[in-house]
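Engineer: Below, each chain spelled out in residue letters.
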Amino acid sequence: MKNQSQVNGLLEPFRVLDIAGAEALVCGKILGDLGADVIKVERPGGDRARNIGPFYHDIPDPQKSLFWFAFNNNKRGITLDIETLDGQCLFRRLVETADFVVESFAPGYMDKLGLGYALLSAINPRIIMASITPFGQSGPYMDYKANDLVAWAMGGQTYLSGDPDRPPVQVTFPQAHVNASAQAAAAVLIAHYRREISGMGQHVDVSIQESVTYTLMNAQQYWDIPKIILKRSGCYRAGHAQGAMMRTVWQCRDGYVNLTILGGTIARLTIMPLVKWMKEQGAADEFLLSVDWANLDTHIVTQEFFDRIEEPVAKFLLLYTKAELYAEAIKRSFILYPVNSAGEVLADRQLAARDFWEHVDHSELGVQIVYPGAFFKSTEANGGIRFRAPLIGEHNLDIYEGELGLTPKQVASMKQANVI
Amino acid sequence: MENQALAGIRVADFTWFVAGPMTTRYISEHGAEVIKIESSSRIDPLRTGAPYGGGRPGINRSAYYADANRGKLSLGLNLSTIRGIELAKRLIATADIVTENFTPGTMEKWGLGYDELRKIKPDIIMFSTSQQGQTGPLAVHPALGTSLVSLAGFTHVTGWPDRPPTGLFGAYPDYISPPLAVAVIAAALDYRRRTGRGQHIDLSQYEASLLALAPFLLDYTANARENDRDGNRCDYAAPHGAFRCRGDDRWCAIAVSSDQEWREFCRVLGNPMWASEPRFVTLSGRKQNEADLERLIEEWTMDRSAEEIMALMQKAGVPAGVVQSSEDLRNDPQLMHREHLWILNHPEVGVHATTAPPFRFSKTPAKPGRPAPLLGEHNEYVCHKLLGMSDEEFVELLDAKVLE
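Protein chains in written order, with the working numbering: chain A, 66 to 485; chain B, 438 to 841.
Note that these hints are calculated values from the structure, not bench results. One thing to keep in mind: the hints can contain errors.
To be verified - In silico DMTMM-like links for lysine to aspartate or glutamate, alpha-carbon gap of 20 angstroms or less:
1. A/K210 / B/E744
2. A/K129 / A/E429
3. B/K556 / A/E445
Said to hold, decoys possible - Have a look at the derived ranges for each label pair, beta carbon to beta carbon:
4. A/P229 / B/Q725: 26 to 36 angstroms
5. B/V788 / A/I365: 21 to 31 angstroms
6. A/R397 / B/W737: 49 to 59 angstroms
Since the structure is predicted, the reported quantities are computational estimates derived from the model, not experimental observations. Positions of the beta carbon are idealized from the N, C-alpha and C atoms, including for glycine.
All chains should be modelled from the sequences, with the hints used to inform the complete structure.
Structural biologist: Following this line, the structure appears as structure tokens:
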């Protein structure tokens with residue numbers, strides 16, 4: 066634990082050793098965004114995740130990966146080869162003053178190097194160690210290999226997404242690792258609260274597969290009770306009405322919008338203002354006007370009913386652009402949202418009004434890059450981007466000389482031996 | 438409960454729908470006492486969410502609600518009455534955290550905004566979450582998680598390049614923001630322990646979800662590039678996709694990211710002639726001829742079950758996994774090993790499965806606690822035991838329909 070000084074963030078006095086790979090970088094980022102002192106530990110020459118694109122100006126350089134930039138802000142960086150005995154010694158020394166260790170090696174790897182939780186907690190009983198793996202530290206699949214695509218599939222999300230006449234589909238920017246990393250951050254901080262009272266840390270075993278299952282809404286309940294397997298339904302939503310699907314993604318003049326038609330108390334925020342607008346434009350047919358939306362339980366309507374609603378609504382939406390529809394939805398207070406591309410997210414006026422975007426200095430490139438900012442706001446501390454992701458070994462001297470007291474000669478020796 | 442990480446913490450939980458309750462569920466399953474404040478005049482829409490115990494709808498029969506709210510207590514309280522607000526304040530005075538996800542302004546309207554709560558309890562931690570945040574021109578615009586997924590850019594990048602976007606299943610931001618919310622709440626709890634100071638947290642689900650797309654957003658801001666949906670493909674791996682297997686709608690996801698994995702992959706396929714064609718030997722060749730590659734692979738996968746393919750590939754060190762349905766998940770041996778499902782018995786839902794958190798603590802494990810509460814089930818406990826209310830007052834509040 067560092068000396069407590071002026072609070073810069075909620076976790077300011079605490080240190081994280083982040084030796085995780087691509088699957089779990091976001092965990093350390095979240096802790097850094099909350100103010101912790103996160104040290105990204107990479108193998109000499111730089112972590113393999115630096116080869117993941119996209120790249121700044123499409124230059125495939127390990128110091129220009131936008132993937133790396135996005136998920137390693139608020140971290141300082143050192144290089145260290147923990148497969149060497151010297152490297153293991155240095156890591157253990159760092160653990161003495163650390164509060165968290167985050168790793169994503171295969172189960173058993175850290176133990177084999179003498180850096181498993183049992184040994185690290187003997188050095189520092191306070192340590193909280195998060196181990197993030199595709200399937201967990203034990204069990205029949207513990208040694209199975211999985212990238213994001215495979216974890217998303219094994220966790221049940223892929224099955225539920227995409228057009229029924231095409232293969233089930235992932236998100237083109239994969240999400241399993243981000244989810245698992247967020248779960249890991251929540252977990253270590255729950256353990257942290259307890260640790261600060263009891264003085265004892267613990268080991269946190271995070272499964273990427275299981276983290277994916279967390280996002281399945283009521284799909285598992287649909288199997289559990291009525292034994293219905295929810296299936297992918299393209300632009301429709303399954304699972305709201307038992308046995309029927311409702312359209313959610315609708316074409317409009319210049320793209321797509323998201324509109325869910327719901328009855329009951331929420332009808333006045335969904336379909337009713339839309340029908341009123343359609344009526345004003347002469348586009349609402351008798352059927353739409355005859356429905357008692359406020360008393361309609363959309364959980365139990367039939368497919369024929371949904372289809373009948375869909376026809377006039379689809380025709381109407383085609384007349385307008387995304388921007389026009391969203392503006393009207395805001396004016397009339399109903400739930401319709403544009404299917405935004407990245408550029409449209411960047412242009413969003415709500416995010417701008419909340420000062421969400423941050424201009425981050427990249428002096429090594431001679432530019433500032435606009436980043437998405439803090440994931441939360443608070444009256445006590447801000448959670449934004451304090452500094453960019455580290456260059457390879459950028460803080461080696463700060464840590465090895467400044468903290469651990471190695472001499473410049475020793476550091477040079479370690480460097481030449483590829484320990485650092 | 439003493440051996441749990443958040444033992445001794447109490448939450449006055451005004452949340453409803455999904456994002457809020459999924460956040461407070463972490464807190465209750467780690468030993469905190471989470472008291473939901475609910476009203477029959479303002480029913481939590483999740484209480485009407487399918488599927489239902491016994492197939493019949495009812496405000497205490499939703500299995501969806503039962504999963505999101507296991508472990509919590511319920512105080513049935515009418516907040517549109519002055520005495521209801523007073524009672525809420527009495528409860529808050531004993532709480533560490535107040536959580537809510539109403540339309541911004543609602544808590545203030547009831548006299549339960551942060552400034553008011555601070556007068557009751559100076560170190561209160563108030564957690565407010567909403568779709569677009571507590572401030573800004575669209576803060577009060579109505580919202581649903583199934584809509585935010587499109588606003589935040591996820592829908593656009595899910596699906597096939599030659600088709601409208603399908604988006605991914607469900608109200609995805611409702612599930613990506615709770616762990617982020619828990620991270621900041623837990624940090625706030627420790628911050629309070631160290632400094633004695635509470636705070637008001639404002640978590641916009643829109644802003645929180647964008648963290649999950651950060652590299653795509655940087656590709657736009659740094660490179661002016663719009664990324665589009667691309668099915669299951671990956672720039673730096675091939676094959677990388679879901680392949681049709683034997684059976685009805687059965688698929689196996691396979692990802693080959695190195696020459697080594699490609700060699701092993703070909704060996705599992707029995708080193709077919711086509712695999713040694715020059716155009717498939719390198720990653721760049723496979724990327725250039727990806728449609729043909731996928732078609733040829735599927736001729737092999739179609740003859741085999743997804744489970745068999747996964748086992749063969751994994752034995753050879755190639756990442757592969759069944760595209761699992763909810764039925765597959767129930768029978769998954771690894772998830773069973775993890776005790777992924779906690780089976781609870783609820784008075785109206787019946788015996789039902791709820792999901793455990795996706796992480797395991799070595800010393801202070803999470804526990805399911807009681808099944809989800811009936812509406813107002815814990816009125817007596819909260820009023821008598823927690824607040825020391827007299828029988829007379831309790832009956833009076835019931836008669837006045839302040840308590841439900």
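Engineer: Confirm or reject each hint.
Structural biologist: To see whether the hints hold, each was checked on the structure:
1. Distance check on the hinted pair: A/K210 and B/E744 sit about 15 angstroms apart at the alpha-carbon level, within 20 angstroms; holds.
2. With a C-alpha separation of about 10 angstroms, the suggested pairing of A/K129 with A/E429 holds against the 20 angstroms cut-off.
3. This hinted pair checks out: B/K556 and A/E445 have alpha carbons roughly 17 angstroms apart, not beyond 20 angstroms.
4. A C-beta distance of roughly 30 angstroms is found between A/P229 and B/Q725, which places it inside the suggested range of 26 to 36 angstroms.
5. One distance hint, 21 to 31 angstroms for the beta-carbon pair B/V788 and A/I365, holds here, with the actual separation near 24 angstroms.
6. At roughly 54 angstroms, the beta carbons of A/R397 and B/W737 sit within the given window of 49 to 59 angstroms.
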